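**Student:** Sequence:
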Amino acid sequence: MATIQYIVPEKSVNQHLKLKPMQKQTTVTIDQKTFATLDRLAKSNDVSKKEFLSCALEYFEKYGINPVQHESPAKEMQKLIKRCDQVIAFIRKQEQDILRPACAAISTTEARIERVLDKLATAGQVRDLQKAVSDQQQRQNYDARNLRSDILQLLGRATEQERKAFMYLGKLVDAKEKSGFFNDIATLYKEQG
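Following our numbering, the residues of the sequence shown are numbered contiguously, the last one being 288.
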C-alpha cells in the first residue's frame, strides 16, 4: 500500500480547486496498481495527483456518475439512441398525419387562388371598363338630349300645324255662322302659349 500525502503551499493552489488558505489536509491509502494508474493519468493530463483526484471527484458529482457501478457508456449511448429514435419516429408520424396533409391543402388552395386571380380584373382593366361605361353613358346622354330636342321640335311643328288647322277651321266655321268660334280658339291657344 502506498500512502499519498500532499501539503500544497498556499500560493500554488489551483484556482479550480478553490481551496481556502490553511485548509485541513488528509491522506488516502490506495494500492500500488491504483497509485500507478493515478500517477499515469495525472501526468497525461499535466496536473498533480491531488488536482486530478479533486477534478475527478467534482466531475463525478457534477454529472451524477457513480464510478462504483461501472456504468457502460455503450449502454448509455444505446439508451440515448433509442430515445432519439423515439423522437424521430414521433416527428415522422406528425409529418405524416399533420404536415403532409397541411402542405397538400395549402398547395390546393394556392392553385385555386391562382385560378381565381387569373380571372379577376386588374385595376387597369377596371379603369378601362369604367372609362368605356362613362363614354357610352355620355354618348347615350348626348343622344337622349338630341332625341329630346328633335322630339320637342317635332311636337312644336305638329302643335303649330294643329293650331293653323284649327284656325283655318275656325275661320271657315266663323265665316259661315259668325258665331265667334275663331276668337274662342285663338283665345284658347293664347292662354296655353
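Simulated from the structure, these hints should not be mistaken for lab results. Bear in mind the structure is a predicted one, so any value in this text is a computation, not a measurement. Careful, some of the hints might be misleading.
Taking lysine-lysine pairs in the DSS-like style, the calculated list, with each CA pair at most 25 Å apart, reads [to be verified]:
#, residue 1, residue 2
1, Lys157, Lys170
2, Lys157, Lys119
3, Lys170, Lys144
4, Lys128, Lys138
5, Lys174, Lys157
6, Lys157, Lys138
7, Lys177, Lys188
8, Lys157, Lys144
Pair by pair, the computed Cβ-Cβ distance ranges are [as the list claims (entries may be wrong)]:
#, residue 1, residue 2, range
9, Ala197, Lys157, 19 to 27 Å
10, Lys157, Thr129, 21 to 29 Å
11, Asp141, Pro196, 57 to 65 Å
12, Gln189, Ser167, 40 to 48 Å
13, Leu194, Ala216, 47 to 55 Å
14, Lys177, Leu215, 21 to 29 Å
15, Ser202, Asp238, 48 to 56 Å
16, Leu152, Cys179, 50 to 58 Å
17, Tyr158, Thr129, 47 to 55 Å
18, Tyr154, Thr124, 18 to 26 Å
19, Lys214, Asp238, 30 to 38 Å
20, Leu224, Lys285, 50 to 58 Å
Quick reminder that beta carbons are idealized off the backbone N, C-alpha and C, glycines included.
**Student:** Each hint needs a verdict: does it hold in this structure or not?
**Tutor:** Okay, the hints, checked on the actual structure:
Restraint check: the Cα-Cα separation between lysine 157 and lysine 170 comes to about 20 Å, which is no more than 25 Å; the hinted pair holds. Taking the CA atoms of lysine 157 and lysine 119, the gap is near 23 Å; set against the 25 Å cutoff, the hint holds. The hinted pair formed by lysine 170 and lysine 144 fails the criterion: a straight-line CA distance of about 30 Å is larger than 25 Å. Distance restraint check for lysine 128 and lysine 138: the Cα-Cα separation of roughly 15 Å lies within the 25 Å cut-off, and the hinted pair is therefore satisfied.
The hinted pair formed by lysine 174 and lysine 157 meets the criterion: a straight-line CA distance of about 20 Å does not exceed 25 Å. Taking the CA atoms of lysine 157 and lysine 138, the gap is about 23 Å. The hint holds against a cut of 25 Å. Of the pairs offered as hints, the one joining lysine 177 and lysine 188 holds, with about 16 Å between alpha carbons and a cut-off of 25 Å not exceeded. A C-alpha spacing of about 20 Å is found between lysine 157 and lysine 144, which places the hinted pair at or below 25 Å, so the restraint holds.
Checked against the given bound of 19 to 27 Å, the beta carbons of alanine 197 and lysine 157, roughly 44 Å apart, lie outside it. For lysine 157 paired with threonine 129, a C-beta distance near 22 Å keeps the hint of 21 to 29 Å intact. Between aspartate 141 and proline 196 the beta carbons are some 59 Å apart, a value that agrees with the proposed interval 57 to 65 Å. Glutamine 189 and serine 167 have their C-beta atoms about 33 Å apart, which leaves the hinted 40 to 48 Å range violated.
The hinted range of 47 to 55 Å is not satisfied by leucine 194 and alanine 216, whose Cβ atoms lie roughly 36 Å apart. About 55 Å separates the C-beta atoms of lysine 177 and leucine 215, a value inconsistent with the hinted range of 21 to 29 Å. Checked against the given bound of 48 to 56 Å, the beta carbons of serine 202 and aspartate 238, roughly 53 Å apart, stay inside it. Distance hint check: the CB atoms of leucine 152 and cysteine 179 are about 31 Å apart, inconsistent with the given range 50 to 58 Å.
Separation of tyrosine 158 from threonine 129 is about 22 Å and departs from the stated range, judged on CB atoms against 47 to 55 Å. Distance hint for tyrosine 154 and threonine 124: a CB-CB separation of about 22 Å, consistent with the stated range 18 to 26 Å. Remark: the range hint 30 to 38 Å for lysine 214 to aspartate 238 is upheld by a beta-carbon distance near 34 Å. Between leucine 224 and lysine 285 the beta carbons are some 54 Å apart, a value that agrees with the proposed interval 50 to 58 Å.
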